[in-house]
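Student: Chains A and B are the protein sequences, given in the same order.
Going left to right, the first sequence walks through residues 4 to 195 as our numbering numbers them.
Going left to right, the second sequence walks through residues 357 to 478 as our numbering numbers them.
Note that these hints are calculated values from the structure, not bench results.
Each hint should be verified, as a subset may be incorrect.
[Claimed, not checked] Examples of chain B residues toward chain A, derived with CB under 8 Å: (1) PHE389; (2) ASP394; (3) ILE396; (4) MET414; (5) ARG416; (6) ALA418; (7) GLN425; (8) SER441; (9) TYR456; (10) PRO459; (11) SER466.
Predicted, not measured: the structure shown is a model, and the values here were computed from it.
C-beta atoms are modelled at their ideal positions from N, C-alpha and C, and glycine is treated no differently.
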Amino acid sequence: MTADVFSPLATACGIRTAHSRPCPRNISLLHARQIPSKGGNTEFADMRAAYDALDQDTKDLIEPLICEHSQMFSRARLGFSDFTPEERERFKPVRQRLVRVHPGSGRKSLYLPSHAGTIIGWPEPEAKALLMDLTEAATQREFVYSHKWRVGDLVMWDNRATMHRARPFPHDEPRDVRRTTLMGEGQPYPNI
Amino acid sequence: MTATVAKPTIVVSATFEEYAVMPFPIHQVGPCFAGEVDGIDLTKPLSAADIDAIHAGMDRYAVLIFHDQDFTDEQQLAFTQSLGSIELAIGTSLRRPEEYRLPPTFADVSNLDQAQQAVRPR
């Protein structure tokens with residue numbers, strides 16, 4: 004199975020590419036020009052509030068952890084398995100701390116995008132289980148804002164403090180949303 | 357916000373609470389974050405105070421929503437660049453270069469092809 008540019012899943016992947024890049028993007032701005040008659044909400048989760056709500060044992064456990072991020076991990080989860088050598092090079096995993104301090108607010112934040120696939124020094128099953136647990140905890144309703152789009156909406160979000168995803172909409176209706184992005188400030192954890 | 361932290365000049369490093377008077381109101385719309393901003397037209401050039409307040413609002417709310425912004429591509433680009441350095445959307449799209457609908461200053465996350473038609477999943 005290869006990635007289909009126009010599938011809803013590919014669109015969902017495409018919209019979340021920020022986190023697998025060596026230097027995470029800081030702020031994304033999305034403007035709605037045309038929206039479908041229903042569906043297509045964008046859901047945001049607050050990774051600072053999610054961190055605050057963890058118990059102390061979990062905070063201690065995850066504080067030093069470093070993850071590897073790659074679009075190959077997120078795509079593999081959706082069933083895409085064939086990567087060209089060029090894609091393997093382009094999506095080479097980068098290391099990111101799981102817990103980061105959000106520079107603007109000084110608050111700690113979970114860095115758990117769908118591209119996070121492994122934890123350095125951990126066996127793969129345990130790593131995936133922990134990342135799934137944390138993601139489930141961090142995307143509970145109490146941390147989620149769901150944006151229902153209107154034409155003319157400009158929504159901007161901080162990729163260092165939030166996760167987001169697009170919800171399904173009727174495929175035969177146009178959804179024209181255009182994103183601009185501000186350069187990230189963060190540096191990846193060095194590959195040692 | 358209290359009257360005791362009133363500052364006549366706005367500095368870039370000011371936190372949200374340090375603004376005695378925000379140039380525009382922000383209403384929280386999410387459970388613990390996400391703010392809706394009223395009374396600002398982003399298609400026009402912004403003052404330094406507006407820009408500082410948007411950054412401060414972002415630091416506090418992490419998501420900001422502005423309704424009824426009648427952007428052209430150029431205006432969206434100008435607004436983005438007034439906030440910082442733009443990142444080009446290169447290497448982020450699953451489209452082939454010949455399928456691009458928008459310039460590389462934009463990431464195209466629509467379901468439209470170059471003829472502006474909705475494309476069903478193949």
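Student: Taking the hints in turn, state whether each one holds.
Tutor: Status of the hints after comparison with the structure:
no.: 1; hint: PHE389; in the structure: 4 Å, holds
no.: 2; hint: ASP394; in the structure: 13 Å, violated
no.: 3; hint: ILE396; in the structure: 10 Å, violated
no.: 4; hint: MET414; in the structure: 6 Å, holds
no.: 5; hint: ARG416; in the structure: 7 Å, holds
no.: 6; hint: ALA418; in the structure: 4 Å, holds
no.: 7; hint: GLN425; in the structure: 4 Å, holds
no.: 8; hint: SER441; in the structure: 4 Å, holds
no.: 9; hint: TYR456; in the structure: 11 Å, violated
no.: 10; hint: PRO459; in the structure: 10 Å, violated
no.: 11; hint: SER466; in the structure: 4 Å, holds
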